[in-house]
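S.K.: What follows is each chain in one-letter form.
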Amino acid sequence: MARNAAEKVVLDPDDLRRTFVRIAHEIVERNGDRPFALVGIHRRGVPVARRLAAQIADFDGRSVPVGELDISFYRDDIGRRGTSEAPVVHSSAIDFDIDSHVIVLVDDVLYTGRTVRAAIDALFDFGRPPAVQLAVLADRGHRELPIRPDFVGKNLPTSADERVNVRVEELDGIDQIALVDSVVRSAGEA
Amino acid sequence: MRHLLGIGDLSRDQIERLLDRADSLAQLLERENKKLPTLSGRTIVSLFFENSTRTSSSFDLAAKRLSADTVSIRAQGSSVTKGESLRDTVQTLSAYGPAAIVVRSPFVGAPGMVTRWTDAAVINAGDGKHEHPTQALLDAYTLRNRLGSLDGKNVWIIGDVLHSRVARSNILALTKLGARVTVCGPPTLIPREIEALGCSVSYTLEGSNEADVLYVLRMQNERMAAGDNFIPSVGEYAKRFQINGERLGARQLLMHPGPVNRGVELSPDVVDAPQSLITEQVAAGVVVRMAVFYELLAGRGEPEGGQKRATAVAPMPDGATR
Amino acid sequence: MSEQTGTKPRLRLAGPARPLAPTGPKVADGLSFKGGRGADMLIRGAHVFDPREGLDSVLDVIVRGGEIAELGAGLSAPEGAEVVEAAGKHLLPGFVDPHVHLRTPGFEYKEDIESGTRSAAAGGFCLILAMANTNPPVDNSGLLRSLRMRAAAEAHIPVGFSATVTKGMKGEELTEMADLADAGAACFTDDGLPIADAGLMRLALQYQRLAGRVIALHQEDPALTRDGVMHEGAVSAALGFAGVPAVSESTMIARDTLLAEYEDARIHVQHLSSAQSVETVAAAKARGVKVTAEATPHHLSLTDEAVGDGTDANFKMNPPLRDEADRQALIDGLRDGTIDCIATDHAPHAAHEKEVPFEQASMGVTGLETSFPVVYSDLVVPGVLPLALVVEKLTCGGEPFGLPAPRIAGGAVANLALIDLDATWTVGEEGYESRSSNSCFAGRQVNGRVLMTLAAGVVAFRARSFAVQEVGA
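Chains as they are written, first to last, in our numbering: chain Z, 1 to 190; chain P, 191 to 512; chain H, 513 to 985.
Don't read these hints as lab results, they were simulated from the structure.
Where hints are given, some of them may not hold.
[Said to hold, decoys possible] Quick list of in silico lysine to aspartate or glutamate cross-link-like pairs, EDC-like style, CA-CA up to 16 Å: (1) K429/P - D694/H; (2) K225/P - D58/Z; (3) K224/P - E29/Z; (4) K538/H - E582/H.
[Unchecked claim] Pairwise CB distance ranges (calculated): (5) R30/Z - S284/P: 49 to 55 Å; (6) A473/P - G680/H: 45 to 51 Å; (7) L251/P - G800/H: 53 to 59 Å.
[To be verified] Sample of chain H residues facing chain P (criterion: CB under 7 Å; computed from the structure): (8) L722; (9) V939; (10) E942; (11) E945.
C-beta atoms are modelled at their ideal positions from N, C-alpha and C, and glycine is treated no differently.
Bound-form chain Z, shown alone (with noise of 0.2 Å):
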């Protein structure tokens, strides 16, 4: 993924890591005394959960379970799109009882609200928790589905011709928020 001159970073480091702390604020705040467990989509949802989980230890004290998700077979658009350009493959593991705890569904961006929908899926053929909820860290608009995050890092108004770049430093170096034009994007890759 080249850096291009045409990308915009709109939270550095610091910021994020702002982010991050009040994210995790608010889901203490929302649950109260409930027991609840943090649950990443595949790819950067899964370090932005372990990272909310870290916070929620350093200033509750309280140990919060961490899952991931793979939502590849649940996806709505298989057969429409490539898998060869996803190198990686993940592994769904929820090793807590799901019946017993608030899910906190994270991922790094919101868009269509597709994603989201398989996630829900997935998660249902788990178990049955009690309430689900959603924290992302950014949401760019463009819903198709009536799905609305609970905890958002920022807003970030896109058109559809930007893509947004969420780092984290687990996987990229560095925890940082980008805006770039695709077009230009697709252009300096070429």
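Could you slot chains P and H onto chain Z? The hints should help.
M.R.: For chains P and H alone, kept in the frame of chain Z given last:
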């Protein structure tokens, strides 16, 4: 990957990706609800021109766990005797609009020919004595689960290599994954110049105690045409090549594609020995075949349009975008 | 001829890519012999002749406990040793015959292990290989083991038993060759019959990589032999006998040398009879095919003219006596090394099987007791071949099968033939040691008489005229 015709067509990366996918499926299948909605509304046709219970039921279950609708056609030459050619059969079946056709044929290359007559993804479930790629994949998957990696591992494939598509696919798959493969059996059952596939040859079990894995093939009596006599007797064969308790080391793994001829290629005691992976192989068959369906069918169509965004194009009949 | 010299086995049995299976017993381990007390004797003043060892002079030879203890001049007899006065006689390495029909089991009225090995010892042989076309044929290890037990009780000289290539010699299915090799089979052969099916022949050659052992081949194409009873040529034309064309043999040799080349296998062609066959073997050897070949004394000394008026079935054998050009080609083949050894194809038959019209008679002739005298009289005496070459070809018959030729050397086991080259005698006048008398040389006057044979250190034969002489003090 549009079709799965043989291990020969696959790169190491492609094989590993299939095995990784099978891994992620295996985790999902540990939960109570073993069904995934992935291929809901798709049709998978299996077209078997040869007897098979294990392979066809494994494919069938794999398709059903991905919520596909399945149609099984057992031809066994009957269509041919009725004058219907393979091409006619395939074109007739295409009326069901299958997303995938699973083909087993006594003839080498038949699945490849089927690809010319259909838009469906074609999966080779065994063609003549050529390849049986899903068997090799599930074997590799089983071994990888046990050994972590196949790099540098020493695998002996023992028995009737001449008539074995399992052997051919496994030689290719295991060597691509970094294993050293030796084929072993009576000289009359080892194909000339099999070394070209990247294996070495032994006509005795001498040295097999160094192997990490003994992969024992079924004596395929049904493949030995009447009048041909590749071995003098089952007794002489068993004396020299049967894997029994004495010949199976405590740290060696034992595999067999099934069904086992107890007392011929394997002594009855080793089938259930702790070293035996035979039941694991059968279990692996389903997840590996699910992974194959997923990789072939999920990847069809136009490339990714945007970030996690479904294409704006309305759903089209299978294959219409091609 | 130079190819024949030296004590190392000449054959490279292992191919580069796929060697013969190294496991299992050696051919020599399968030899069976009743044994006996190792000889203690001084053979005094014999002309000791062993071309391989470069021996060609008058020497005394001391044998102690069955081993050649000393070679030298003026040796004195050790205590208790017999003194054999051998001045004027030749002491040769014992002969080895890779092609003998002992007819056991099933045809003991023709020959059995005792009589056959007695006949062999009388011919100067110290080792023979027995053919497997018995009744039942030697196609299973149980029968092979029982034969070896029997030979261990009654064989006068060591015998290696061959086993058949195909079950029941039917040419349809391979025998349990690996088990048979483990049970002590010296080689595999359907001798008496060809392996007509090329596909099965190929399987046998492939299977050799597991079983080991040489496959010895009786070569004829049944489709060409048909009902032939003698060589197809002028004599058969004149007599009105159905002929066996030489191509019946040569085409099969061509087929099997090509197959052996393709499969990197090791074959031995039995009883070459025709010029074309010699050429075919020579061409294969030149290509590096692992093939060896033998010829019989009768094919080396007789032609189809011997069939005469067609009333003496002692001239009926398979392959048949062929014409003079063929005979000369066989002699040339011995000379240039194409033919590795002389083998008798000793094939005893009872009188009632031979004293019948030629076309109805059984095929085959005896040969053990006449082998050396015939070859010596017909080839060495007239100066056609040197004695050294003939001795080599008569003693190296085990080499193609992995059995080293006997040698006269200190420390070697005593395998010796003491022969009076000057003695003349008439074949059959004193009868035969063999149970059968179907010799094609009956009545012929020949030179060279075997006086004594030591096999594996034991005195196996002593001519009646050559009794114990003197025991040293």
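S.K.: Please name the hints from earlier in the document that this structure breaks, with their numbers sorted from lowest to highest.
M.R.: Numbers 2, 3, 4, 9, 10, 11 - these are the hints that the structure violates, sorted from lowest upward.
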